[in-house]
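Build out the structure end to end from the sequences listed, making use of the hints.
Now for the letters of each chain:
Number of protein chains: 2
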Amino acid sequence: MTTPTPADVTRTRVRNEQQILDAAEDVFARHGYRGASVQAIAEAAGLPKSNVLYYVGSKRKLYVALLERMMSRWNAMLDDISVEDDPAEVLEAFIRSKMTLTRTHPEGSRLFAAEVLQGAPFLQEYLRGELREWVHQRARVFEQWSERGLMDPVDPVWLIFLIWSATQHYADFEAQVLGITDRERLDDADYQSVTDFLCQVILKGCGVTSRRS
Amino acid sequence: MTTPTPADVTRTRVRNEQQILDAAEDVFARHGYRGASVQAIAEAAGLPKSNVLYYVGSKRKLYVALLERMMSRWNAMLDDISVEDDPAEVLEAFIRSKMTLTRTHPEGSRLFAAEVLQGAPFLQEYLRGELREWVHQRARVFEQWSERGLMDPVDPVWLIFLIWSATQHYADFEAQVLGITDRERLDDADYQSVTDFLCQVILKGCGVTSRRS
DNA sequence: GTCTATACTCCGATAGAC
DNA sequence: GTCTATCGGAGTATAGAC
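Quick mapping for you: the protein sequence lines, in order, are chains D and X.
Going by the numbering used here, the residue at position 21 of the first sequence is 21; the numbering climbs one at a time, nothing skipped.
Going by the numbering used here, the residue at position 149 of the second sequence is 149; the numbering climbs one at a time, nothing skipped.
It is worth saying that the hints were derived from the structure and are not from the lab.
A portion of the hints provided could be inaccurate.
No distinction is drawn between identical chains; accordingly, a pair holds when it is met within one copy or between any pair of copies.
[Unchecked claim] Simulated crosslink set (EDC-like; lysine to aspartate or glutamate; CA at most 20 Å straight-line): (1) Lys59 - Glu89; (2) Lys49 - Glu17; (3) Lys61 - Glu107; (4) Lys59 - Asp26; (5) Lys49 - Asp26; (6) Lys204 - Glu92; (7) Lys61 - Glu17; (8) Lys204 - Asp155; (9) Lys204 - Asp26; (10) Lys59 - Glu107; (11) Lys204 - Asp152; (12) Lys61 - Asp22; (13) Lys49 - Asp22; (14) Lys204 - Asp79; (15) Lys59 - Asp152; (16) Lys61 - Glu43; (17) Lys204 - Asp85; (18) Lys49 - Glu184.
Structure follows, in structure tokens:
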């Protein structure tokens, strides 16, 4: 019988909180905010229901924390670009990084999808503020590329939506993708194949050719 | 005081059932199966909760009926194609009809999205049967077009997913689209613009050119 | 056919024993 | 810090009055 050291206690807390966050992300993603029960989250995390509430305070706080975690992952991916950059490189990097996020955090992507599906009640501010600003900033660069003849004069906002939707699809509609392709899960080669396909079709479709080719 | 005729009674029933279906489609789409409450559906339909259950039997039956209604709309759109058809015409018709469905039935699209998001528990059979068969049939035609040099050798299944995701996005992620474009809703011109954009980029991206051009 | 009342279950959240 | 017991409310569904 040894007394747990403060470090042990902290470690347990951190581990439990991590388990709760991961379990909750999955449950919220599948059933939405209202459809998710603290009970179901607790079971998925392997803890009693009251412990979950003890750690996170309330269902609402837990949900908000998860959205914030997902938005910080998203923001970490959104680097700036300038007119001087190579369109082909930027577009390809955009598609690939978005696909990586989809792949490494499918539950987060689905959580976001569920939130937007119900009208984005918790994310209105983010969508109409930070994210809108980022989109328009990038859109202006795309337009300048078009003017310089580096790509076709396509609507830059529709292009961003195209890339978002095409990549997110493999997380949000995973059940459909797996059903139709008759797989249990997509492996490295599948993701490679999809990503290459999207880069090829979208770049060519926008009339983008690499400067160095 | 007149006695209602049988025709009146039937008419009331039909009207109520229609109201319930439409209201339920919206509520299920926003909150998922578990998150939707019969109470909320009843309020949206302007009827007492017990009347809703009286008409539809149970929450589960109502949900299944809605999925079936959506799948029949979907199926009505899936016409067959042959190798002899013009790739440009077929692809463009595919994109446009899918976009029309998205536009005329956004709640149905969101209902489907919510169902797939939770792992498609009610639609496994449809996805792995009917729909998979349809996809592979079409995929084979795309491959033959590629062999004949009528389009680039792209993966036909990824192409179908691209078209599905890019169009559905405007129903499923409507809240995000409206937030970023700062609109209250998308009008005719917006849908026209998006559809033209998608046709242009996807056809060109796949190396498809019209036979008649 | 329609509405009221209610049965019974599960929800989120908390108080209090250990 | 953790678990048990329980509260008040909301969930689906039904029985029975009108």
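Problem - Hints violated by the structure (listed by number, smallest first) - result: Violated: hints 1, 9, 14, 15 and 18.
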